[in-house]
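Chains as they are written, first to last, in my numbering: chain A, 1 to 115; chain B, 116 to 230.
Don't read these hints as lab results, they were simulated from the structure.
Because the structure is a prediction, the values reported are computed rather than measured.
Note that CB positions come from ideal geometry on N, CA and C, so glycine has one too.
Some hints here could point you the wrong way.
Below 20 angstroms or equal to it, Euclidean Cα-Cα: the simulated SDA-like pairs (lysine to any residue) are [claimed, not checked]:
id : chain 1 : residue 1 : chain 2 : residue 2
1  : A       : Lys41     : B       : Thr127
2  : B       : Lys183    : B       : Asp169
3  : A       : Lys41     : B       : Pro155
Facing chain B, a subset of chain A residues (Cβ under 10 angstroms, in silico) [what the hints assert, rightly or not]:
id : residue
4  : Gln38
5  : Gly97
6  : Tyr102
7  : Gly109
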Amino acid sequence: GAVVSQHPSWVICKSGTSVKIECRSLDFQATTMFWYRQFPKQSLMLMATSNEGSKATYEQGVEKDKFLINHASLTLSTLTVTSAHPEDSSFYICSAGGAYSYEQYFGPGTRLTVT
Amino acid sequence: AQSVTQPDIHITVSEGASLELRCNYSYGATPYLFWYVQSPGQGLQLLLKYFSGDTLVQGIKGFEAEFKRSQSSFNLRKPSVHWSDAAEYFCAVGGNTGTASKLTFGTGTRLQVTL
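So that you can see chain B by itself, here it is in the shape it has in the complex (with noise of 0.2 angstroms):
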């Protein structure tokens, strides 16, 4: 069964600072990887995926990526946070099934960002 994990429920970070989001999968075969970001009372907004190839993936908002399959990680990073980044994050991972595929989400982990 497919199954991710985010440890950190809640993260707050300043500012400018740098984020790192983490996410562990357990898939029993190369899985389809992605991140969504979800502000209050919304839907899902997908900032990256990973499906094959270059395993350091860039997404949106300068969001960015790295699959590392030794770790089953599949870790989300930002150099520069702004205000506007706060809301909760799912990493969500689905089947290699060639279509779209069900799938499975974290527990999603809350940014708060400080002035």
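The shape of chain A in the complex, shown without the other chains (with noise of 0.2 angstroms):
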């Protein structure tokens, strides 16, 4: 199956501090990525849905000036945390769909915790 990859894995930064997570998609065309948020023994909760060159859709309740999604290129889909604070620290797990596909393929995850 097609693999999609995040980085860093795990990060821990000072609170009011922004923290970068990439999400790639390595052997195929993301045209469309999502990010879920994971807290501890919890389900996944849908953060926003972008599609390349367009702005993010961002879920209800979900801060787009604290959650800055970018997904400039068909491989490659950032998530910023502007100014983190403890209630942030969460497992942010992203996945990729290709053009004219319905599956999505899930990366490992990234543990952010914020100190």
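Two chains, two separate frames, one set of hints: put the complex together.
Shown next as structure tokens:
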């Protein structure tokens, strides 16, 4: 199957700083990418959907100014958590889907800890 | 709005016993249905999916699931569980849009396997 990578796999940052997470599709062109957040022992919640070259569509309750999503190429999407706070600590997972495909492929996730 | 219910938060089975994990969905049309497995601190691995056609779908690792439209269910089964199957299992529903669409996940079922 298609491969999606995330970098970094884990990151610790201080409260008030920003952190960027990368999601890459390694062997296919990802026209659509999704960002999910998973709190400990909870399910995945969709944060936003991004289509290459377009602005991301955020789910209700997700602050677009806090979680900046860029999908500038068909192989890379980035999520920047701005002015991070301890409550932003979570497991962030991206997924990617190609054109004319029903499937999406998940990255391995990034664990963010804000101190 | 689409939704997924996994009524069992935690299930314990003995190695070699059969397994059934329940999943009920709500979706306005014919859904795309998925089962994923997640080991602690890891990303998601797709076990199987249903898009159309035969309502009994086979997946990896000996898993199967049956789509029952009349019951709005997509239960996951395995005839003989192995200790390595211990993990968190998520059922998800996506839109029948022809391309990768956002997924709504259930709350997950944690499977424990006793030896």
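Cross-check of the supplied hints:
Our distance criterion of 20 angstroms between C-alpha atoms is met by Lys41(A) and Thr127(B), whose separation comes to about 17 angstroms. Between Lys183(B) and Asp169(B), the direct Cα distance comes to roughly 11 angstroms. Compliance with the 20 angstroms bound is thereby established for this hinted pair. About 9 angstroms separates the Cα atoms of Lys41(A) and Pro155(B), which keeps this hinted pair within 20 angstroms; it holds. Below 10 angstroms, beta-carbon pairs count as interface contacts, and Gln38(A) has one with chain B at about 9 angstroms; its hint therefore holds.
Interface hint status for Gly97(A): upheld, as the beta-carbon distance to the closest one in chain B is roughly 2 angstroms, under 10 angstroms. The beta carbon of Tyr102(A) is positioned within 10 angstroms of a beta carbon in chain B (closest approach about 6 angstroms), and the interface hint is therefore held. Checking Gly109(A) against chain B: minimum C-beta separation of about 5 angstroms stays under 10 angstroms; hint holds.
When held up to the earlier numbered hints, the structure conflicts with none and fits them all.
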